[in-house]
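Asker: Listed here are the chains, written in short residue letters.
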Amino acid sequence: MIAVQQAVPIPDPLSVPANAPEHCPGTDSELAGKADACAGCANQEICASGVTRGPDPALPLVRERMSTVKRKILVLSGKGGVGKSTFTAQLGWAFAADETLQTGIMDVDICGPSIPTIFGIASEQVHASSSGWSPVYVQDNLGVMSVGFMLPSSKDAVMWRGPKKNGLISQFLKDVDWGALDYLIIDTPPGTSDEHLSIVTYLKESGIDGAVVITTPQEVALQDVRREIDFCRKVGIPVIGLVENMSGFVCPNCKNESQIFKPSTGGGRRLAQDMGVDFLGAVPLDPRIGKSADYGVSFLDEYPDSPASTAYLDIIDRIRQKLGD
Amino acid sequence: MASPEDTPVGRRLQHVKHIIIVCSGKGGVGKSSVSTQLALSLRAASPTTRVGILDVDLTGPSIPRMLGLDGHSVHQSSDGWVPVYADGSEARLACMSVGFLLKRKEDSVVWRGPKKNAMIRQFLSDVRWGELDYLVIDTPPGTSDEHLSLVEHMAPVHSRISTVIVTTPQAVALLDAMKCLSFTRATNLPVLGLIENMSGYVCPCCGEISNVFSIGGGEEMARREGLQFLGSLPVDTELVSLLDAVEPADEEFDVMLAEGGSRHSFRLLERYDKTPTAPLFRAIVEKAVAALPAPEGQE
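Chains A and B are the protein sequences, given in the same order.
In case it helps, the UniProt record's numbering puts the first sequence at residues 1 to 325.
In case it helps, the UniProt record's numbering puts the second sequence at residues 1 to 299.
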């Protein structure tokens with residue numbers, strides 16, 4: 001009755017390189033280059049020599065770029081399709097509504113970038129200059145970077161394994177000419193894997209101000225979100241709070257509210273309580289949100305009187321408060 | 001091409017007639033729910049059909065919850081891992097997921113590619129699937145490590161693999177579905193067809209149909225890309241609650257486990273047949289099965 005064999009010393013997930021063999025002990029471990037798993041690894045000699053216990057050479061460059069960024073916020077969720085990108089976009093638009101603030105949005109969902117479509121800039125391209133890649137600007141104070149701008153065709157699949165994704169993320173952080181930013185919002189893919197580890201590794205020194213975790217009310221989603229919060233704790237990212245999306249649907253005909261995704265286990269509110277994180281609010285499902293995203297317009301500007309807009313703005317205010325801005 | 005017996009994966013999957021990969025570029029469009037329904041419907045097709053369901057969404061496994069198998073664990077036998085049977089002693093619906101290997105349900109699986117690759121290889125080569133008519137594989141969103149590993153490791157049985165693409169009707173999801181389609185083309189996998197999920201929601205109060213995530217996008221895409229359109233499924237709150245069902249209280253659950261069966265799951269099959277989606281899905285499965293390539297070496 002063995003459930004699964006656990007490798008004896010669990011390596012720090014942040015120190016395992018993306019192209020390591022299966023049971024890599026981690027480059028900064030005492031066993032680096034000496035463990036059984038290291039036999040045959042191309043990097044065995046380098047690890048054994050001890051230089052890898054030092055920091056990644058990209059780190060100082062990232063730190064320099066990020067030194068002019070005041071707040072770095074991650075938008076996370078273990079589950080896909082719960083509205084991470086939509087929420088990121090609303091957050092971006094809401095911050096950018098203040099003309100004195102500079103906001104940047106970085107989309108690290110490499111296999112399924114939605115941010116360009118949601119902002120209505122899917123056909124734009126990234127330009128390289130002597131100071132780095134310049135982000136695509138939605139408006140003067142809102143810059144966006146996504147792998148979606150670099151693909152020859154939006155139809156092509158990005159079939160990349162971890163190391164290549166890792167490489168692109170490090171470039172997004174060190175080579176993009178973000179300039180001075182008040183907020184950098186990072187939209188992530190679902191799960192707890194390469195992209196997430198890479199972001200956390202590269203931003204370890206500059207520090208992440210916090211993560212906003214998005215969920216939908218049903219248990220299948222909550223399960224994944226529990227794992228995501230567990231991940232945040234493992235790698236030491238503070239959780240700003242939890243947002244429950246698609247919570248209730250108001251029929252446009254009879255105005256009665258019904259639950260499409262029933263909170264069978266108490267929904268986001270209960271999860272937040274159980275895990276000891278703040279519950280930031282619930283956003284009802286409004287078909288116009290999805291439509292705005294498809295057309296690339298700001299939902300908050302188009303339908304300011306929707307209950308969903310009010311909910312978004314309340315949540316964004318709470319995030320600002322928690323960050324102390 | 002190497003003969004199927006050449007690799008451990010080939011040997012294990014020797015007696016699996018059809019392998020169906022359920023994929024979609026986008027997350028949360030209903031891959032797992034479609035996989036679950038596909039497995040249930042295929043199993044119900046005849047009293048002897050044996051179906052396996054493999055969940056390769058390693059960082060967010062949902063299949064155990066949907067089949068009501070939360071909290072079960074995998075047993076090791078001399079002949080490999082024994083999958084968890086959703087229908088107890090009948091043993092016609094085998095299930096394998098990383099969810100069965102976790103100690104606590106809130107544990108996160110923080111793995112990079114190589115480790116995921118190894119896990120998938122193990123799922124394919126070390127699980128005692130036995131003879132199966134269908135192996136349904138539920139995938140995570142995207143077109144990355146998990147997908148590449150699947151295709152790589154299953155190369156010896158490539159001729160038996162086909163895919164079903166799931167999407168929701170809105171443009172943002174279709175964009176990712178296109179990427180998924182381009183993946184299947186690049187890896188030379190036949191597509192049985194496209195399912196449009198969450199297409200319309202019927203208000204339980206007044207019966208008004210709202211297009212929560214727009215409508216018709218999937219059908220349109222199927223036509224444009226020359227794919228078979230398998231059908232559209234409206235949002236069915238009964239199905240959502242059924243697959244999301246609250247697990248039985250722990251003590252009760254332990255007793256049930258001790259009795260060696262999972263009564264909860266038996267009920268799942270019966271109750272699934274009563275949902276409004278079940279008949280719609282049956283039509284989808286018929287179309288999909290008709291499109292399957294004939295198994296080699298048999299009529």
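Hints are computed from structural coordinates only; laboratory data are not their basis.
Watch out, some of these pointers could steer you wrong.
Restricting the straight-line Cα-Cα distance to at most 20 Å, the calculated cross-link-like pairs of lysine-lysine (PhoX-like) are [claimed, not checked]:
#1 A:K70 - A:K155
#2 A:K262 - B:K274
#3 B:K105 - A:K234
#4 B:K274 - B:K17
#5 A:K234 - B:K287
#6 A:K174 - A:K164
#7 A:K322 - A:K70
#8 A:K155 - A:K174
#9 A:K70 - A:K204
Covered stretches of chain B (in silico footprint by chain A; criterion: 3 or more residues with CB under 8 Å from a CB of chain A, positions within the stretch not fixed) [said to hold, decoys possible]:
#10 85–96
#11 141–147
#12 166–175
#13 194–206
#14 209–222
#15 234–243
Just a few of them, taken from the derived set where beta-carbon distance is under 8 Å, the chain B residues facing chain A [stated by the list, open to error]:
#16 V29
#17 A45
#18 K105
#19 E106
#20 D107
The beta carbon of each residue, even a glycine, is placed where N, CA and C say it ideally should be.
Asker: Run every hint past the structure and note whether it holds.
Answerer: Verification of the hints:
1. A:K70 - A:K155: Measuring from Cα to Cα gives roughly 36 Å; hence the hint is violated.
2. A:K262 - B:K274: Answer holds: K262 (chain A) to K274 (chain B) is near 19 Å, not above 20 Å.
3. B:K105 - A:K234: holds, 15 Å
4. B:K274 - B:K17: Violated. K274 (chain B) to K17 (chain B) sits at ~29 Å, over the 20 Å cutoff.
5. A:K234 - B:K287: Violated, at roughly 46 Å.
6. A:K174 - A:K164: holds, 15 Å
7. A:K322 - A:K70: Since the Cα atoms of K322 (chain A) and K70 (chain A) sit roughly 15 Å apart, the hinted pair holds (cutoff 20 Å).
8. A:K155 - A:K174: Violated, at roughly 28 Å.
9. A:K70 - A:K204: holds, 15 Å
10. 85–96: Coverage by chain A is violated for the stretch 85–96 of chain B (0 residues, Cβ < 8 Å).
11. 141–147: Holds: 6 residues of the stretch 141–147 of chain B have a Cβ under 8 Å from chain A.
12. 166–175: holds (count 6)
13. 194–206: As far as the stretch 194–206 of chain B goes, the hint holds, because 5 residues have Cβ atoms under 8 Å from chain A.
14. 209–222: holds (count 5)
15. 234–243: holds (count 5)
16. V29: Hint holds; V29 (chain B) Cβ to chain A Cβ min 6 Å, cut 8 Å.
17. A45: violated, 26 Å
18. K105: holds, 6 Å
19. E106: Holds, about 4 Å.
20. D107: holds, 6 Å
Violated hints, in rising order: 1, 4, 5, 8, 10, 17; the structure is consistent with all others.
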